[in-house]
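K.L.:
Sequence:
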Amino acid sequence: MYYLILFLLGMGGILLESTVFNHLTIAGVKPDLLLILVIFNSIFQGHLKGSIFAFFLGWLEDFFIGGLWGMNALAKALTAFIWGWFLQGTFRENLLVPVFSLFLASLFHGSMILLLGKIVGLSWNWTFLFWKVLPVAIYNTCLVPFLYYGFYNWMTRHVEQQSF
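So for the sequence shown, this note's numbering puts the first residue at 425; every next one is plus one.
By construction, these hints were calculated from the structure, which means they are not laboratory data.
Here are the simulated lysine-lysine pairs, DSS-like style, with alpha carbons at most 27 Å apart:
| # | residue 1 | residue 2 |
| --- | --- | --- |
| 1 | LYS556 | LYS542 |
| 2 | LYS542 | LYS454 |
| 3 | LYS556 | LYS454 |
Distance ranges between label pairs, derived from CB positions:
| # | residue 1 | residue 2 | range |
| --- | --- | --- | --- |
| 4 | LEU439 | GLY574 | 16 to 26 Å |
| 5 | THR551 | VAL521 | 24 to 34 Å |
| 6 | MET425 | TRP550 | 37 to 47 Å |
| 7 | PHE515 | SER547 | 38 to 48 Å |
| 8 | LYS542 | TRP578 | 36 to 46 Å |
| 9 | THR580 | ALA451 | 28 to 38 Å |
| 10 | PHE515 | ILE562 | 21 to 31 Å |
| 11 | HIS582 | LEU439 | 15 to 25 Å |
| 12 | ILE450 | TRP548 | 14 to 24 Å |
| 13 | LEU448 | TRP555 | 13 to 23 Å |
Source: prediction; values computed, not measured. Cβ atoms here follow ideal geometry from the backbone N, Cα and C, with glycine treated the same way.
Between the sequences and the hints, there should be enough to build the whole structure, so can you do that?
P.N.:
Now the structure itself:
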């Protein structure tokens, strides 16, 4: 049931990103709801489960939204692995943990997308980091207080149910 709910949240994120948030852009950017879900999941599930889930969601994002096949899958999986590893044993009840983590993870993820694009020969400019990656990181971070406690409460209930 847990994985079904995560899958549905991911599909909902893809749907919202490709419809509603196309009209809710700020400074020409929209949030990366899948990255938010991936980082939240990595905080609770750790780097291995988090990166597998991130790869799957990134693959779905590549499939449904388009772009270079596998770029989001690889970037999200690597981001989830690194942040899941860094956040092992953190005090996740503190809102500052996901706030700072998501900001830094968004910067890292955007940098990975840029580097992967450069590797495959896309002519993206390095100003992409300033004009696209930084605003997305700020937008993602601003959504954390509205989304994290719902995810936190759901995850703690899930963990309690598994312990019985």
